[in-house]
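First to last, the sequence lines map onto chains A and B.
The first sequence runs 1 to 114 under the working numbering.
The second sequence runs 1 to 114 under the working numbering.
Please keep in mind that the hints were generated in silico from the structure rather than gathered at the bench.
Glycine included, every Cβ here is placed at the ideal spot set by N, Cα and C.
Watch out, some of these pointers could steer you wrong.
As the list claims (entries may be wrong) - Below, in silico cross-link-like pairs of lysine-lysine (DSS-like), each with a Cα-Cα straight-line distance of 30 Å or less:
no.	chain 1	residue 1	chain 2	residue 2
1	A	Lys71	B	Lys111
2	A	Lys11	B	Lys71
3	A	Lys11	B	Lys1
4	B	Lys1	B	Lys101
5	B	Lys101	A	Lys11
6	B	Lys71	A	Lys71
7	B	Lys111	A	Lys57
What the hints assert, rightly or not - Here are some chain B residues the structure puts well away from chain A; computed CB gaps all over 10 Å:
no.	residue
8	Asn59
9	Gln81
10	Asp84
As the list claims (entries may be wrong) - A few chain A residues that face chain B, going by a derived Cβ cut-off under 8 Å, partial list only:
no.	residue
11	Leu39
12	Pro70
13	Gly72
14	Phe74
15	Gly85
16	Asp86
17	Ala88
18	Val100
19	Phe105
20	Gln107
21	Thr112
Okay, here's what each chain looks like letter by letter:
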Amino acid sequence: DTGVSQNPRHKITKRGQNVTFRCDPISEHNRLYWYRQTLGQGPEFLTYFQNEAQLEKSRLLSDRFSAERPKGSFSTLEIQRTEQGDSAMYLCASSLGGGVAEAFFGQGTRLTVV
Amino acid sequence: KNQVEQSPQSLIILEGKNCTLQCNYTVSPFSNLRWYKQDTGRGPVSLTIMTFSENTKSNGRYTATLDADTKQSSLHITASQLSDSASYICVVSASTSGTYKYIFGTGTRLKVLA
């Protein structure tokens, strides 16, 4: 499978714990995006990278959230001191450039904070 | 404020029938508009991408239209099938100095009944 891969698919964690998600984009895709989606809502933009540079962060990305893409390939999204409000589906997408370049989404990581 | 609104919120139709989903947007500067299909618990999958100059684009039984003057788009599904049951999300891309931002609608949840 050469699509966007996200791991884990599901994560249940206790409030206050830290979690880390991984996204492997389609190889050669220079842009990588993270989105958060709650039930019944469309995805909300969190951040995006062009190669290894993080070019934009949403105000939704509080100090507890950090994303990295150290070598311009895979990316990680870490949430520290998780809160129940962090429960959501976290989606990763990648594209080759911007504009009309198609963005391909991964299957997402569903986080449940108990 | 950049916004994408979709209607109806949800729709139930019988198999074989046609339906039309609506998307209104206030996004500037406009780059392109996409329709995605999202099955429950999965990432969105692209159906169509249209730029400012395109009025209509088809992908099998899916036909999208775009009126850039009124800032409206529609997605028409012909001869619906059970597998069309999903959320359909309208996404408008804004471009500023080479930076692309995707604004998602909240989606229309379509249920096709046998």
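Hints versus structure:
| no. | hint | result |
| --- | --- | --- |
| 1 | A:Lys71 <-> B:Lys111 | violated, 42 Å |
| 2 | A:Lys11 <-> B:Lys71 | violated, 39 Å |
| 3 | A:Lys11 <-> B:Lys1 | violated, 34 Å |
| 4 | B:Lys1 <-> B:Lys101 | holds, 13 Å |
| 5 | B:Lys101 <-> A:Lys11 | holds, 28 Å |
| 6 | B:Lys71 <-> A:Lys71 | violated, 39 Å |
| 7 | B:Lys111 <-> A:Lys57 | violated, 35 Å |
| 8 | Asn59 | holds, 12 Å |
| 9 | Gln81 | holds, 22 Å |
| 10 | Asp84 | holds, 19 Å |
| 11 | Leu39 | violated, 10 Å |
| 12 | Pro70 | violated, 22 Å |
| 13 | Gly72 | violated, 18 Å |
| 14 | Phe74 | violated, 16 Å |
| 15 | Gly85 | violated, 18 Å |
| 16 | Asp86 | violated, 18 Å |
| 17 | Ala88 | violated, 13 Å |
| 18 | Val100 | holds, 5 Å |
| 19 | Phe105 | holds, 3 Å |
| 20 | Gln107 | holds, 5 Å |
| 21 | Thr112 | violated, 13 Å |
Hints 1, 2, 3, 6, 7, 11, 12, 13, 14, 15, 16, 17, 21 from the list above are not met by this structure, while the remaining hints are.
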